[in-house]
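Trainee: Below, each chain spelled out in residue letters.
2 protein chains.
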Amino acid sequence: MKFVKTPVKGMCDMLPSDMRLREHILSLIKSTYASYGFMEIETPVMEHIENLTSKQGGDNEKLIFKVMKRGAELRRAIDAGKEEFADNGLRYDLTVPLARYYANNKEKLPVPFKALQIGNVWRADNPQKGRFRQFMQCDIDILGDDTNLAEIELVSATSDMLSRIFAEIGITDFTIHINDRQILKGAALKAGFAEEDIPAVLISLDKFDKIGLDGIRKDLIENGFAEEAVDNYLSIYADLGQDMDCRAFCAQIGEDYLPDKVVQGLEEIMAGARAMISEHVKLVFDPTLVRGMGYYTGTIFEAGIDGYSFSIAGGGRYDKMIGRFCGQDVSACGFSIGFERIITILKDHLENGTPVAENSVAILIDKNAPMDKKLETFARARQLREAGGHVTILPMRKNMKQQIAKLEEEGYHSFEKVYKD
Amino acid sequence: MKFVKTPVKGMCDMLPSDMRLREHILSLIKSTYASYGFMEIETPVMEHIENLTSKQGGDNEKLIFKVMKRGAELRRAIDAGKEEFADNGLRYDLTVPLARYYANNKEKLPVPFKALQIGNVWRADNPQKGRFRQFMQCDIDILGDDTNLAEIELVSATSDMLSRIFAEIGITDFTIHINDRQILKGAALKAGFAEEDIPAVLISLDKFDKIGLDGIRKDLIENGFAEEAVDNYLSIYADLGQDMDCRAFCAQIGEDYLPDKVVQGLEEIMAGARAMISEHVKLVFDPTLVRGMGYYTGTIFEAGIDGYSFSIAGGGRYDKMIGRFCGQDVSACGFSIGFERIITILKDHLENGTPVAENSVAILIDKNAPMDKKLETFARARQLREAGGHVTILPMRKNMKQQIAKLEEEGYHSFEKVYKD
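Top to bottom, those sequences are chains A and B.
Using the numbering used here, read the first sequence as starting at 55 and increasing by one per residue.
Using the numbering used here, read the second sequence as starting at 55 and increasing by one per residue.
Just chain A, with the same shape it has in the complex:
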């Protein structure tokens, strides 16, 4: 019999110590988001192949794990020779399923709807360090709120949650970057770029952290844009500093290209969130923040920690996407955390992993111990457990010293031994 003992390529077996850390972090995530009124929901991991290939998923649609038709339907597909063998696929994100879920259950859901989704997604990507083919995503979304209370709640809740998680490893300082797609658009138009060139211009701007302003200039010129527009554009971004003032930056663009209510809205979001989050968290206006996905329509945000080049959370407003998907306009705003990245950072810092509970007792019983002694022990174990203790009852091994050493490694520090006599 052929038997493969490693997991499927790019997927992980979770050891007990992995799970203790993950479960601990999940409980912090759930309790923090619950305290902001987010409600957990779940969708099946399988989605109709039509929904997954509706062009809303961008490049992720190339990475779908497809689930084969079965029985007579598969037979028909093979005989027809058309190679449409799949009727379902595994979800590659939690946003497409959320749109379907909202369309299916809208009448039963509150308005606005504050949703928390935690679940695995699958992408047939090339596995690399820290990039898996099955990984957990954790999204909060507010559907049906077109006011900026949505942004304020999302940013504050995520900031709070990150504060609680990273406090465990002594990290209190991180930064949440915030910008608005309309500011990005306004700056490009003001500089003289055409509307249809904006996506290409933003792809260059997005590289700011890596290549700087000079690099962006080179990039834009190489892409054939007029030197005048490029120079105008870079002059807007010339004075980037640590504490960039949103209003001062936007004044360079002017009301013709950027409605004042966008600027005012962003100021309100930043002031509102600041009133709710830890003073250790930097909340900065970052006019170079772009965020890759095309579906954002307004505010965008991203969280990062000093010393790590990757972001640990990102999101924004995407008022059109759910509507395109389910045929009815629904304003939407979301923040998604990089669960696996956060776990990676925590693992870097936690030397001994997450231990088992402190009040843990291991009872080792000689298999020839008399029954009455065993029964006494069981009764005592019951009492300890009822009092909230963690008790494991194990057969005493020949090499008890080694057995105890291993249990100590697992986090057991209290031992009882029940001998033969």
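I should point out that these hints are in silico values taken from the structure, not numbers from a laboratory.
The beta-carbon is built from N, C-alpha and C at its ideal position, and this holds for glycine as well.
Check the hints yourself; a few may be wrong.
As the list claims (entries may be wrong) - Pair ranges (Cβ atoms, derived):
| # | chain 1 | residue 1 | chain 2 | residue 2 | range |
| --- | --- | --- | --- | --- | --- |
| 1 | A | Thr226 | B | Asn180 | 51 to 57 Å |
| 2 | A | Lys401 | B | Pro424 | 44 to 50 Å |
| 3 | B | Asp227 | A | His78 | 52 to 58 Å |
| 4 | A | Lys160 | B | Pro424 | 29 to 35 Å |
| 5 | B | Lys427 | A | Gly246 | 38 to 44 Å |
What the hints assert, rightly or not - Mimicking SDA-like on lysine to any residue, the simulated pairs with C-alpha atoms at most 25 Å apart in a straight line are:
| # | chain 1 | residue 1 | chain 2 | residue 2 |
| --- | --- | --- | --- | --- |
| 6 | B | Lys84 | A | Gln437 |
| 7 | A | Lys455 | B | Lys162 |
| 8 | B | Lys471 | A | Gly319 |
| 9 | B | Lys162 | A | Asn413 |
| 10 | A | Lys315 | B | Lys474 |
| 11 | B | Lys162 | A | Asp67 |
| 12 | A | Lys160 | B | Lys455 |
| 13 | A | Lys136 | B | Lys56 |
| 14 | B | Lys162 | A | Asp72 |
| 15 | A | Lys56 | B | Gln182 |
| 16 | A | Lys123 | B | Arg301 |
| 17 | A | Lys452 | B | Gln318 |
| 18 | B | Lys421 | B | Arg434 |
| 19 | A | Lys421 | B | Leu337 |
| 20 | B | Lys160 | A | Met68 |
| 21 | A | Lys421 | B | Lys315 |
| 22 | B | Lys239 | B | Asp268 |
| 23 | A | Lys162 | B | Gln182 |
| 24 | B | Lys84 | A | Ala441 |
| 25 | B | Lys421 | B | Gly443 |
To be verified - Chain B regions said to be covered by chain A (calculated; three or more residues, Cβ under 8 Å):
| # | region |
| --- | --- |
| 26 | 81-91 |
| 27 | 99-112 |
| 28 | 131-144 |
| 29 | 244-252 |
| 30 | 323-330 |
| 31 | 422-435 |
| 32 | 455-465 |
Use these hints to put chain B onto chain A, whose structure you have.
Mentor: Positioned in the frame of chain A, the structure of chain B alone reads:
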């Protein structure tokens, strides 16, 4: 664009109230099993197709959702015309993945290893009321313990967990049935059946609850078994009563067909578990308990509630299966609960569902409220949350009375309103 708003056939969207109940029950399950020293682990939902079709899964192997090969590999498969289009499949249970996991990670795991697995499994079964194509399984297993401490811990932990769950709906009494495959075998051999006929004989005995002894007699005769053996067999099972004594029953079989250590072992398991579980739980020796799966080698158990025809948990010892799977003998014993069935029973009894937390406050803000009033409100929300409260901040809707009525349905009872002036 084609868009399907219902979930994939046989799978469920979980509404917020569903998730509150499920999460609450999961937390009871996890905390109870943790108090017995079980360690949570996780495997990827996808397994190699070779492992899933290794003949260890019985009929479940016919119900696999297969995941298609991708790219060049799929192309080669199609061109070869052999219809081997799948390289992976979704797991149909948690036992096959556990065997693979154990083979893969044995060196890093304690001996014995007490594992808790909670996760979805998928079967392309015909969906019916209470039977889904994606459903949650929850298994505890002890690997590497050949003493009956394993059975005592498994039965006690599961009993405790069921007590805690059902106490919430006022059900304190349920029954755990226990038997041993060797007793089933001994009784059949003693009656005069041949060893190779035992599986067929047990299929008849398994129907006892539905067809009674007369029905079993008819069944066996129709299957062509000798009348003498059938009569002998039924005489062993003639005196089935509520409090069947294990030793008295087994005395009818005798040591030639049933080693005394099996009887003694079962008595110890029952006495040991009784020392740890609630007095409300009936733990009964049930010589008609069979359990379908062929892989059990010793003790078997099943839990049921009065008034429900289906069992809510089942398990037993399966010392050979992991070995057959990973090529090395590993003693193993497990107990699996029917999570979805338990949820169904709880839903039958819970009129109002699981409410949101008691200390929940909804703050409704008029979108034209002045910024300073909003900031004061945010600061107060922060304080409430830091004190452990659940606070949701929402835009005030035009029909506030209706908005509040809906929030009350969700479980909010404390409201703050922030007006325009």
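Trainee: Take the region 131-144 of chain B, compare each residue's beta carbon with every beta carbon of chain A, and decide whether three or more fall closer than 8 Å.
Mentor: holds (count 6)
Trainee: Quickly compare the C-alpha distance for Lys84 (chain B) and Ala441 (chain A) to 25 Å and report which way the hint goes.
Mentor: Measuring from Cα to Cα gives roughly 16 Å; hence the hint holds.
Trainee: Holds or violated: Lys421 (chain A) and Lys315 (chain B), Cα atoms, limit 25 Å.
Mentor: Answer holds: Lys421 (chain A) to Lys315 (chain B) is near 14 Å, not above 25 Å.
Trainee: Okay, the region 422-435 of chain B and chain A, do three or more residues pass the C-beta test at under 8 Å?
Mentor: This one holds; 6 residues, not fewer than the three required, reach chain A with a Cβ under 8 Å.
Trainee: Just to be sure I understand the hint, the distance between the Cβ atoms of Asp227 (chain B) and His78 (chain A) should be within 52 to 58 Å; is that true here?
Mentor: 35 Å, violated
Trainee: Taken at face value, is the distance from the CA of Gln437 (chain A) to the CA of Lys84 (chain B) at most 25 Å?
Mentor: Satisfied, since the Cα-Cα distance of roughly 19 Å is no more than 25 Å.
Trainee: Tell me if the beta carbons of Thr226 (chain A) and Asn180 (chain B) are separated by a distance inside 51 to 57 Å.
Mentor: 55 Å, holds
Trainee: Going straight from one Cα to the other, do Lys162 (chain B) and Asp72 (chain A) come out at no more than 25 Å?
Mentor: 12 Å, holds
Trainee: If you count the residues of the region 99-112 of chain B with a beta-carbon closer than 8 Å to a beta-carbon of chain A, do you get 3 or more?
Mentor: holds (count 8)
Trainee: Count the residues of the region 81-91 of chain B with a beta-carbon closer than 8 Å to any beta-carbon of chain A: does the count reach three?
Mentor: Per the Cβ count (5), the hint holds.
Trainee: Under the criterion that the straight-line Cα-Cα distance not exceed 25 Å, is the pair Lys136 (chain A), Lys56 (chain B) satisfied?
Mentor: Measuring from Cα to Cα gives roughly 19 Å; hence the hint holds.
Trainee: Can the restraint linking Lys421 (chain A) and Leu337 (chain B) be considered satisfied, given a maximum Cα separation of 25 Å?
Mentor: Between Lys421 (chain A) and Leu337 (chain B) the Cα gap is close to 23 Å, so the pair holds against 25 Å.
In this structure, the hints that do not hold are numbers 3, 15, 16, 29, in rising order.
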